[in-house]
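**Q** Residue numbers (my numbering), protein chains in the order written: chain A, 1 to 288; chain B, 1 to 288; chain C, 1 to 288; chain D, 1 to 288.
Keep in mind the hints are simulated off the structure, nothing from the lab. The structure displayed is predicted, hence computed values, not measured ones. There are no misleading hints in this set.
You can't tell identical chains apart in this list, so a pair holds if it fits in one copy or across any two.
With a Cα cut of at most 25 Å, we get these calculated SDA-like pairs of lysine to any residue:
hint, residue 1, residue 2
1, K190, E136
2, K239, D98
3, K239, R99
4, K236, R249
5, K236, D66
6, K239, G192
7, K236, A103
8, K159, A67
9, K236, A67
There are 4 protein chains.
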Amino acid sequence: MKIGCVGLGQMGRAIAGNLVRAGHEVRVWNRTAPRAEPLGAAGATVVASPSEAADADVVLTMLADDAAVEGVVFGERGILGCRAMHVSMSTIGIAFADRLDAAHAERGQAFLSAPVFGRPAAAEAAQLFVLCAGAEEARRRAGPLFTAISQRVFELGEKPSAANLVKLCGNFMIMAATEAMAEAMTLAEKGGIARAALLEVLTGTLFGAPLYKTYGQLLVDDRFRPAGFAAPLGLKDMKLAAAAADAARVPMPLLSLVRDRLVSAIATEGEEIDWAGIALPVRRAAGL
Amino acid sequence: MKIGCVGLGQMGRAIAGNLVRAGHEVRVWNRTAPRAEPLGAAGATVVASPSEAADADVVLTMLADDAAVEGVVFGERGILGCRAMHVSMSTIGIAFADRLDAAHAERGQAFLSAPVFGRPAAAEAAQLFVLCAGAEEARRRAGPLFTAISQRVFELGEKPSAANLVKLCGNFMIMAATEAMAEAMTLAEKGGIARAALLEVLTGTLFGAPLYKTYGQLLVDDRFRPAGFAAPLGLKDMKLAAAAADAARVPMPLLSLVRDRLVSAIATEGEEIDWAGIALPVRRAAGL
Amino acid sequence: MKIGCVGLGQMGRAIAGNLVRAGHEVRVWNRTAPRAEPLGAAGATVVASPSEAADADVVLTMLADDAAVEGVVFGERGILGCRAMHVSMSTIGIAFADRLDAAHAERGQAFLSAPVFGRPAAAEAAQLFVLCAGAEEARRRAGPLFTAISQRVFELGEKPSAANLVKLCGNFMIMAATEAMAEAMTLAEKGGIARAALLEVLTGTLFGAPLYKTYGQLLVDDRFRPAGFAAPLGLKDMKLAAAAADAARVPMPLLSLVRDRLVSAIATEGEEIDWAGIALPVRRAAGL
Amino acid sequence: MKIGCVGLGQMGRAIAGNLVRAGHEVRVWNRTAPRAEPLGAAGATVVASPSEAADADVVLTMLADDAAVEGVVFGERGILGCRAMHVSMSTIGIAFADRLDAAHAERGQAFLSAPVFGRPAAAEAAQLFVLCAGAEEARRRAGPLFTAISQRVFELGEKPSAANLVKLCGNFMIMAATEAMAEAMTLAEKGGIARAALLEVLTGTLFGAPLYKTYGQLLVDDRFRPAGFAAPLGLKDMKLAAAAADAARVPMPLLSLVRDRLVSAIATEGEEIDWAGIALPVRRAAGL
Numbered sequence: 001m002k003i004g005c006v007g008l009g010q011m012g013r014a015i016a017g018n019l020v021r022a023g024h025e026v027r028v029w030n031r032t033a034p035r036a037e038p039l040g041a042a043g044a045t046v047v048a049s050p051s052e053a054a055d056a057d058v059v060l061t062m063l064a065d066d067a068a069v070e071g072v073v074f075g076e077r078g079i080l081g082c083r084a085m086h087v088s089m090s091t092i093g094i095a096f097a098d099r100l101d102a103a104h105a106e107r108g109q110a111f112l113s114a115p116v117f118g119r120p121a122a123a124e125a126a127q128l129f130v131l132c133a134g135a136e137e138a139r140r141r142a143g144p145l146f147t148a149i150s151q152r153v154f155e156l157g158e159k160p161s162a163a164n165l166v167k168l169c170g171n172f173m174i175m176a177a178t179e180a181m182a183e184a185m186t187l188a189e190k191g192g193i194a195r196a197a198l199l200e201v202l203t204g205t206l207f208g209a210p211l212y213k214t215y216g217q218l219l220v221d222d223r224f225r226p227a228g229f230a231a232p233l234g235l236k237d238m239k240l241a242a243a244a245a246d247a248a249r250v251p252m253p254l255l256s257l258v259r260d261r262l263v264s265a266i267a268t269e270g271e272e273i274d275w276a277g278i279a280l281p282v283r284r285a286a287g288l
Numbered sequence: 001m002k003i004g005c006v007g008l009g010q011m012g013r014a015i016a017g018n019l020v021r022a023g024h025e026v027r028v029w030n031r032t033a034p035r036a037e038p039l040g041a042a043g044a045t046v047v048a049s050p051s052e053a054a055d056a057d058v059v060l061t062m063l064a065d066d067a068a069v070e071g072v073v074f075g076e077r078g079i080l081g082c083r084a085m086h087v088s089m090s091t092i093g094i095a096f097a098d099r100l101d102a103a104h105a106e107r108g109q110a111f112l113s114a115p116v117f118g119r120p121a122a123a124e125a126a127q128l129f130v131l132c133a134g135a136e137e138a139r140r141r142a143g144p145l146f147t148a149i150s151q152r153v154f155e156l157g158e159k160p161s162a163a164n165l166v167k168l169c170g171n172f173m174i175m176a177a178t179e180a181m182a183e184a185m186t187l188a189e190k191g192g193i194a195r196a197a198l199l200e201v202l203t204g205t206l207f208g209a210p211l212y213k214t215y216g217q218l219l220v221d222d223r224f225r226p227a228g229f230a231a232p233l234g235l236k237d238m239k240l241a242a243a244a245a246d247a248a249r250v251p252m253p254l255l256s257l258v259r260d261r262l263v264s265a266i267a268t269e270g271e272e273i274d275w276a277g278i279a280l281p282v283r284r285a286a287g288l
Numbered sequence: 001m002k003i004g005c006v007g008l009g010q011m012g013r014a015i016a017g018n019l020v021r022a023g024h025e026v027r028v029w030n031r032t033a034p035r036a037e038p039l040g041a042a043g044a045t046v047v048a049s050p051s052e053a054a055d056a057d058v059v060l061t062m063l064a065d066d067a068a069v070e071g072v073v074f075g076e077r078g079i080l081g082c083r084a085m086h087v088s089m090s091t092i093g094i095a096f097a098d099r100l101d102a103a104h105a106e107r108g109q110a111f112l113s114a115p116v117f118g119r120p121a122a123a124e125a126a127q128l129f130v131l132c133a134g135a136e137e138a139r140r141r142a143g144p145l146f147t148a149i150s151q152r153v154f155e156l157g158e159k160p161s162a163a164n165l166v167k168l169c170g171n172f173m174i175m176a177a178t179e180a181m182a183e184a185m186t187l188a189e190k191g192g193i194a195r196a197a198l199l200e201v202l203t204g205t206l207f208g209a210p211l212y213k214t215y216g217q218l219l220v221d222d223r224f225r226p227a228g229f230a231a232p233l234g235l236k237d238m239k240l241a242a243a244a245a246d247a248a249r250v251p252m253p254l255l256s257l258v259r260d261r262l263v264s265a266i267a268t269e270g271e272e273i274d275w276a277g278i279a280l281p282v283r284r285a286a287g288l
Numbered sequence: 001m002k003i004g005c006v007g008l009g010q011m012g013r014a015i016a017g018n019l020v021r022a023g024h025e026v027r028v029w030n031r032t033a034p035r036a037e038p039l040g041a042a043g044a045t046v047v048a049s050p051s052e053a054a055d056a057d058v059v060l061t062m063l064a065d066d067a068a069v070e071g072v073v074f075g076e077r078g079i080l081g082c083r084a085m086h087v088s089m090s091t092i093g094i095a096f097a098d099r100l101d102a103a104h105a106e107r108g109q110a111f112l113s114a115p116v117f118g119r120p121a122a123a124e125a126a127q128l129f130v131l132c133a134g135a136e137e138a139r140r141r142a143g144p145l146f147t148a149i150s151q152r153v154f155e156l157g158e159k160p161s162a163a164n165l166v167k168l169c170g171n172f173m174i175m176a177a178t179e180a181m182a183e184a185m186t187l188a189e190k191g192g193i194a195r196a197a198l199l200e201v202l203t204g205t206l207f208g209a210p211l212y213k214t215y216g217q218l219l220v221d222d223r224f225r226p227a228g229f230a231a232p233l234g235l236k237d238m239k240l241a242a243a244a245a246d247a248a249r250v251p252m253p254l255l256s257l258v259r260d261r262l263v264s265a266i267a268t269e270g271e272e273i274d275w276a277g278i279a280l281p282v283r284r285a286a287g288l
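Next up, chain A with everything else stripped away, as it sits in the complex (with noise of 0.2 Å):
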């Protein structure tokens, strides 16, 4: 398949990568360009633009929030009316998705939402979980493209944005379950447990789980530097979810308290702490 990547972030990169492992013509773009180089070097071919990216089978958008998204497909040389369809894997708004799934229904362009979970090294190694929402003949298309870069899609209907909604409840569901072990283990902690005794416990009975291990593990640490995923980027996700959660008229105190966790671990702990890192303001409550 001939397929566009916008957007060479650490994940972006990744995914670009292993397209072209896999065989697909892929065309790739970064604003700054220097980050396409590489994937030059390993068979793309570098182009000057979001719409040359987009003259293509499919092309994907891989960026940090909606602003960045909203400049490759409806600012200049953008996406919009291209030819390819449009598959949008960035971690957006739901009012944002909803207006490229409108903006792109009128100029006749198909259009997927398919964001993913998975860390850079998941990237990396094609082991990535997507989930994919929009018309189903976008989606039939868009398989082969998800089975060079993942390990599993979850199909979330025909309405895009049904698939951004679920990313977020993702995101919300990761710092939850941080914020509880940091409770708990700062109180195990001030009681004479090791934090590692709990989260052994904790991973060997009713919480043997991915995320309960790795973070779990970062918690036991303290290692929140440099960040995986950096807390303004979690805060970003938490206010998408909260205006989603407004708009839906749903009051989620939960995403309220891990959202006022990462102001405070961001206010002191820098702009450059890895989201986990609100184990720290928890912990500094307690007095430790």
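On the provided structure of chain A, position chains B, C and D as indicated by the hints.
**A** Frame of chain A, contents of chains B, C and D only:
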């Protein structure tokens, strides 16, 4: 081994039955005597007081709360001062566990805290998880007993109440995960996504742990009656955790949140609701 | 003075009327024109655009939200670049106030933020409180205008958005006090004490402030319809406060709490409920 | 009247002094005897036990907590069963107040709950507020006593513990208002507005109550040592309120929030901090 079993509720009965089946010589006592009869028929000796049950190598107690344990230990014809090592398996408070430890030490009687994770079905199947703390020699001696009833034992050091603290942390984590799922499912549902679809994504990606599968399914099905573990018992445990947190000077806002939710679930749904029923006030606050 | 008034809702109308009565030469404009007629009959000049209203010494804007202000300032035939000093009295966000300030400065047009405290009845009675910030000379010039509509002016320095921030803080404080009263009254009521009896103690001892008397009585009487200030407007203000808090990196869990309550009040009671109606979900969560 | 005074801390001493000055025949007792001496010098009779103090028309108790009251009532040479009507002025729990009521009723001894609002300075100046509940005849009899020590008495019906519940509600309201001010001041300060400027606006508009003036000034000045009312005592009261709320099945998330804040203030600032010192963890969580 000669083992006394005090407290024959759903959990205590299942444990005693497994000890009989494992070939131990079991003496059983329950406040309401008829509950002991089936075990008598199965080969246990029904006795007339906790102290008679404690005329053994080990005496287990598995009761509803601090007050019940206080009665069988410090009350007339109680366990205190008997020859058996006392293994306390109930979910009790930290201060009370420390008091039990001191009282036994004063009498030269061995004492272990060994609360468990597992619903009654796991107890029947001898698949409990045991959290064990106390003197090493005592833990060693209790080994065969735990082998007969559990799939795994976690050793948590010399101080008995440490095991109780870990147990309370675990129950808090369960409520925290339930609140998180309830909020996320409510948001998803109002956004047009089936609860089951969200749960499938969560358990298929980062949250593939028994807790999310079991409790998540309860939430998907709105199945909160009859209670597997009633909300007032859950509230009791959250209060014990809060008392421990207050004493250790650890602010735990997520604990406070789930505690308030349990109060609300009981206020609006009645005392018979399962503790996972905290999902109902979450949904109701969103107008569902 | 020659004064333009843009926005003739309940508040704007009352303010314009007082300016006419005080002998000023008043030009009025409203998006839906008929609202301007009674003021025309009372001696004001009805004009056809914001820019005509701003052909004056001062132009006041009193509108519902950021978007409405954006329209009359930056839109076609807008206020920006006119000769009048612009006095912005709406409750708007901090970032938007800063943007207004910069845009006016660029055009060499004087600009003040002057949001107010007071319900429509206070506006009619020329008993508003004005929070005023901006260049000192501009504040001095606006003095006679404020004299005609308010009981007191608070000067808050040179930076216009400071007045907006104080206004948002005040609205947050109102919601916080309302939540506190709602929780306390619910506890009292379930404990057999009439809400009115509790309120009498509070206002007769430490809480003898207008806020507690007025809002407390609303809660005693369950009088939330018709809305004096509708919950969705209150929610809008809490979101503006939260945006300011996020930007300044200030975690505000009590703000989060009242925000979630407003969402719940709207979800369960409808969009028409008064913002003091947050008392209803408080009561309902307790089973009342 | 012949009046016994049991408990001569800051509050009890001031009350007893005013009773002496008002011409009553006063008998005083304190656990640590030397505290009684100045009152002896002023005309009171120093006695050797609570029961001797209760050889009077009325006996007042003003002590730190439930346990202290339990000691002087139910302990050896205690008040229970003496001829004096017992007027309990301490801030105690609802369940314990009910137990006191029942125990006195059983002995045919009159009993009133009469907790007060007011700092020690107000007690010295005979300017307390009294919350009084119990049998009407008993309240009538205690009238002259209250006249000598207070500026106003609130009658709260026949059930003594109602007065205690209102007192706990009041202390909760104080903490809620303090948290609200602390959050708003932190936001204002990070936004460039002096705390004093914000307080001036609040108390000059809707929040012109003694509570906001007094506590607001403490927050403006960061004046939390020495404590007027120490945080651990405030935490005790919030726990009593939470116990009442749990028993009445009332979720109170704002109560939970201030309770967690008090825990944090004690954990980070030490046991000697004033309860208004909850402002410190608020500021610290924002990186100030």
